[in-house]
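Student: Just so you know, the protein sequences line up as chains G and R, in that order. With this note's numbering, letter number 59 in the first sequence gets 44, and the count goes up by one each step, no holes. With this note's numbering, letter number 114 in the second sequence gets 99, and the count goes up by one each step, no holes.
If you are wondering where the hints come from, they were derived from the structure by calculation, not from laboratory data. Treat the hints with care, as some may be off.
Intra- or inter-copy, both count: the list cannot distinguish identical chains.
Below, in silico cross-link-like pairs of lysine to any residue (SDA-like), each with a Cα-Cα straight-line distance of 25 Å or less [unchecked claim]:
1) K144 x G221
2) K194 x Y90
3) K202 x T5
4) K194 x I165
5) K204 x E109
6) K3 x P133
7) K3 x S150
8) K204 x S189
9) K(-12) x A38
10) K3 x R14
11) K3 x F136
12) K196 x Y111
13) K194 x L218
14) K204 x R217
15) K3 x E134
16) K3 x I135
17) K194 x R75
18) K(-12) x E15
19) K204 x G162
20) K196 x P219
Residue-level listing of the chains:
Protein chains: 2
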Amino acid sequence: MAKTAGIVLIGNEILSGKVTDANAAYLCRELRQLGVDVRRITVIPDEVDLIAASVGEFSRSFDLVFTSGGVGPTHDDVTIEGVARAFGTRAVRHPDLVRLLDGFYNGVLTEARLRMAEVPDGAELYWAGSLRFPAVVMGNVHVLPGVPEIFRQKFEALKERFRESPFHLCCVFVSIGESILADHLNAVLLGHPELMLGSYPEFSNTEYKVKVTLESKDKVYLDRAVEDLLGRLPDGSLVRIER
Amino acid sequence: MAKTAGIVLIGNEILSGKVTDANAAYLCRELRQLGVDVRRITVIPDEVDLIAASVGEFSRSFDLVFTSGGVGPTHDDVTIEGVARAFGTRAVRHPDLVRLLDGFYNGVLTEARLRMAEVPDGAELYWAGSLRFPAVVMGNVHVLPGVPEIFRQKFEALKERFRESPFHLCCVFVSIGESILADHLNAVLLGHPELMLGSYPEFSNTEYKVKVTLESKDKVYLDRAVEDLLGRLPDGSLVRIER
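Chain G extracted, bound-state conformation (with noise of 0.2 Å):
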């Protein structure tokens, strides 16, 4: 079985359709190459109850969390004391980050400043690689901004640890349309049961009506499902193949 992960957004902003969020694409490109199986996304307001609420039942959904906005030194900025509610504990200041940013703000702290030294009670640090920042980490629920290029930057000074083996994947590309293709998908997959099979249709293409994705970890299982798919096909309906 692969590790499973969940996304929390968190943001005001994407729901009202003034920002369209990059994060969650970009991780789930990044988490499925790590052999990672995305379970679910959600976005929610700013809000602490539904953080709260959110972030605990992906914690103890899946195995990996990620959020992605809500980090940051304004009164929209509650992902932390959500993520602590979440574990039934409180936002403390880590002294570890109030030293970081007291370097960073010559010595000026803030109360507005000293919020972005808050981490749920219990959470780790982690320093990887070049960040200057430490991602805050609370049991499986990795905290990210949202600002994209900073959400990356973390994630990727993270993500070998999320490493699993890889998912095998292969394309195959028909002119014919769904409707008579399903039944041919559906033999594929009685004799295939464990095959993760996708069928996407495309309305103004002219080069293939049907894409299917064929997936699997195991590169036999998958290699003998595309022979049976291949072996099903009608004569003049494959395109192409992509591995």
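Got chain G; can you put chain R on it based on the hints?
Tutor: Showing chain R alone in chain G's frame:
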């Protein structure tokens, strides 16, 4: 109170990073313009039980629910079945859709094609605008296809049904950082507790450091809050205002 909405994206291809969803961002922008408050987005795999659980929870929690994806003739198209279960019912063939498909496929109706005639028992069909294929609506749940151009076509045809009183928005761009701005924002919120107030820092922008968004359905309330904020900003820190 604004009408609330929840969005359920259904598709392994999004979670596995093969496809970047465009429907949620589009729908968030559109619904905001219509005056509707999107409260949550969830992205889940093509699994009947998960769809039923998510759609059921969203249908009870929000005024309007929109699903994207998982409608079609193949094994991974299980949204109709999931929505049906969310309402404690089952999928049935709708005679109007059978007739429509019969015309579309010149009378050659396979089992796979007939799956596209299925709706949750009790669902309504909305033949709005120039739609060739109607939208399926079960209770407050609007079932939309995942393919972006068709998703938009269907939403466009339906959208006037959802129009509410509008949100009024004012963006204030400032040259001071969030950690200085935070106290002013807190003061504005203290005097205007119903204000929707966002603070979005930019780290590689030479024009401004933070974009502050102030929003309300009450124009007079918004204007007062904006005046309050402007009066509090340190001299020379205002870059520009966008209404």
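Student: Next step is simple, just say for each hint if it's right about the structure.
Tutor: We went through each hint and held it up to the structure:
1. K144 x G221: The answer is neither: 43 Å in one copy and 42 Å across copies each exceed 25 Å.
2. K194 x Y90: between (58 Å within a copy, 16 Å between copies)
3. K202 x T5: between (32 Å within a copy, 23 Å between copies)
4. K194 x I165: Classified as within; 11 Å inside a copy, 55 Å across copies.
5. K204 x E109: neither (37 Å within a copy, 45 Å between copies)
6. K3 x P133: Both: 15 Å inside a copy, 19 Å across copies.
7. K3 x S150: Answer is between: at 18 Å across copies they meet the 25 Å cutoff, but 38 Å inside does not.
8. K204 x S189: Classified as neither; 33 Å inside a copy, 44 Å across copies.
9. K(-12) x A38: both (22 Å within a copy, 23 Å between copies)
10. K3 x R14: both (24 Å within a copy, 7 Å between copies)
11. K3 x F136: Both, since 19 Å and 20 Å are each at most 25 Å.
12. K196 x Y111: Neither way: K196 and Y111 sit 41 Å apart in one copy and 30 Å across, limit 25 Å.
13. K194 x L218: Answer is within: at 14 Å inside a copy they meet the 25 Å cutoff, but 57 Å across does not.
14. K204 x R217: Answer is within: at 20 Å inside a copy they meet the 25 Å cutoff, but 63 Å across does not.
15. K3 x E134: both (18 Å within a copy, 21 Å between copies)
16. K3 x I135: Classified as both: same-chain Cα gap 19 Å, cross-chain 23 Å, threshold 25 Å.
17. K194 x R75: Neither way: K194 and R75 sit 54 Å apart in one copy and 30 Å across, limit 25 Å.
18. K(-12) x E15: This pair counts as within: shortest intra-copy Cα distance 14 Å, inter-copy 36 Å.
19. K204 x G162: neither (27 Å within a copy, 52 Å between copies)
20. K196 x P219: within (15 Å within a copy, 57 Å between copies)
This entry does not satisfy hints 1, 5, 8, 12, 17, 19, going by the numbered hints stated previously.
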